[in-house]
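K.L.:
The hints should help you fit chain B with the ligand onto chain A, whose structure is shown.
Taken in order, these protein sequences are the chains called A and B.
With the first letter of the first sequence counted as 1, position 33 gets the number 33 in the working numbering; the numbers rise by one all the way through.
With the first letter of the second sequence counted as 1, position 68 gets the number 68 in the working numbering; the numbers rise by one all the way through.
Any given hint might turn out to be false.
Said to hold, decoys possible - Label pairs and their in silico Cβ distance ranges: (1) A/P70 / B/E149: 33 to 39 Å; (2) A/K290 / B/F55: 29 to 35 Å; (3) B/E6 / A/Q263: 18 to 24 Å; (4) A/S62 / B/I50: 45 to 51 Å.
No lab work stands behind these hints, which were simulated from the structure alone.
Just so you know, even glycine gets a beta-carbon here, dropped at the ideal spot from N, CA and C.
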Amino acid sequence: MSWNDKLSNSVQSIAPSGIRKFFDIAAQMKDVISLGVGEPDFVTPWTIRESCVYGLERGYTSYTANRGMPELRAEIANHFKKRHNLNYDSDKEILVTVGVSEAMDLAIRAVINPGDEILIPEPCYVSYQACTILAGGVPVAVPAKIENEFRITPEELEPYLTPKTKVLLIGYPNNPTGAIMERDDLLKIADFAEKHDLIVISDEIYGDLTYNGVHECFAALPNMKDRTILLNGFSKAYAMTGWRIGYALGNSDFIGAMTKIHQYTMLCAPITAQMGAIEALRRGEKYMKKMVAEYDRRRKLIYDGFKQMGLDSFEPRGAFYIFPNITSTGFTSEEFAEKLIMAEHVALVPGTAFGKSGTGHVRCSYATSIEKISEALNRIQHFLTKNKNH
Amino acid sequence: MKELLEVLEHNSRISVSELASMFQKSEYEIEKEIERLEREKIILSYGALINWERFGNDTVTAIIEINLTPQREVGFDAIAERIYRFDEVKTVYLMSGNFDLLVIIEGKSLKDVANFVATRLSTIDGITQTRSHFILKPYKKDGIIINDEEKDRRLVVSP
Ligand SMILES: Cc1ncc(COP(=O)(O)O)c(C=O)c1O
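In isolation and in its complexed conformation, chain A is listed as follows (with noise of 0.2 Å):
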């Protein structure tokens, strides 16, 4: 007897994630290079492991606050009044959560009733459909364009409005085009929410690694404080995705329903995490600092690599993923991204993984060294040139 019809309907309209495959193979081979990982290749700077250590020396080992740290909801506090001039209240308005995904899993489930819809740019990082989804809402998908470098619009948006659109959910800088949304494009997107009287949940996880410019943080536009849920974190910036740990700001109303959430489901963040994350936001930026500007020469490189192989590609501002076109192969996303880790070894993820408007294309990360860039892309010019007449 099976037991899957026993499983709730949610759960089973799910898809298995597209990554897993590709996870197998690769996980087979020795020499394997892999493009395919969403996480930095740095391990946590020592200064925040050393103080997360000295913690449990001295005993830190009990629960927090629900809504976590009194000490590092302050260190968030202020340094989103000193990055970004926003005053958030550190005892009503800030929610220290297990990762950018609880964060993102409690906002929905904060605001969405069963049948209420979230627009939600694509491509996109892959939890987004699926907290939605658990949580009864509709997500509905609206395709960025390439020849717009994979920002989104109010035009674009405009036509999957419905009485029934209640949350507006934007990922930028963006997994996994490397996409960035500049002011001029926010300040369109704040307008619409605006009109249309949208609650905009902003997951910023990546915003501190945008390349030859600032990252705009969404909450910051004038009047979008309040209709603004931020999610933000420590996993990418600082090398911290094992730790588990990341924060959401926003009203007292929203925070406060979210708090109700993860008192009950999660209790609180991992204290260890949260003192990593004092340690983070005190003493850590140069090291973040530092951490950025490799990126930054990666990120060059590999474009080059990729405009000289013939390879569409729009600069990536932001993250760490280019985003190639691969339809001048004749293969499609999979068919791509499969001969190449059979016939190279180098893994990849095909771009629809991450939503429908990510066909023909493929996520390349470069949170990886130079060395092993530079071989990657020598190995993929390899397997252009022996499949040119495919």
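P.N.:
Quick look at chain B with the ligand alone, frame taken from chain A:
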């Protein structure tokens, strides 16, 4: 270009074409810039950082603190020069604090180094005192951890 120097300091074998991509310049421009940095002695040499212990070379390294009487006109410089011209001397710094020169010496054996200090350094006019400290084990050198156990523990593919 400070950033170019930082990259080269870490990896001097990186290719000109890689540097050209990373800095969005032509290979010619990168070559010219490196030539200039070499000419102006900003880049002094290209070496490899070698774990000699692992290779099996048993050299002895000592750090010597030296006190001296500065000389008219030249201060510490003349004595420093007499010292740094010896091949055995790898590093010389003028220091603030309780002593004046910090000298790092390499030799084949403890006796070898002690002998060098006694016969060649202490006897220099103007040197009033030396204190030798022998290195037992290097942990980190020029920013590189000697036996680094940290490795890439990430899954090969992740969202
Ligand atoms: C766009 C985006 N949002 C959120 C996450 C999850 O981050 P966290 O580690 O904070 O849960 C990721 C991780 O890959 C991501 O790429």
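K.L.:
Are the hints correct? Go through all of them and say.
P.N.:
Each hint, compared with the structure:
1. In this structure the supplied range 33 to 39 Å holds for A/P70 paired with B/E149, their Cβ-Cβ distance being about 36 Å.
2. Between A/K290 and B/F55 the beta carbons are some 31 Å apart, a value that agrees with the proposed interval 29 to 35 Å.
3. At roughly 46 Å, the beta-carbon separation of B/E6 and A/Q263 lies outside the given 18 to 24 Å, and the hint is violated.
4. Checked against the given bound of 45 to 51 Å, the beta carbons of A/S62 and B/I50, roughly 48 Å apart, stay inside it.
When each numbered hint is compared with the structure, a violation occurs for hint 3 only.
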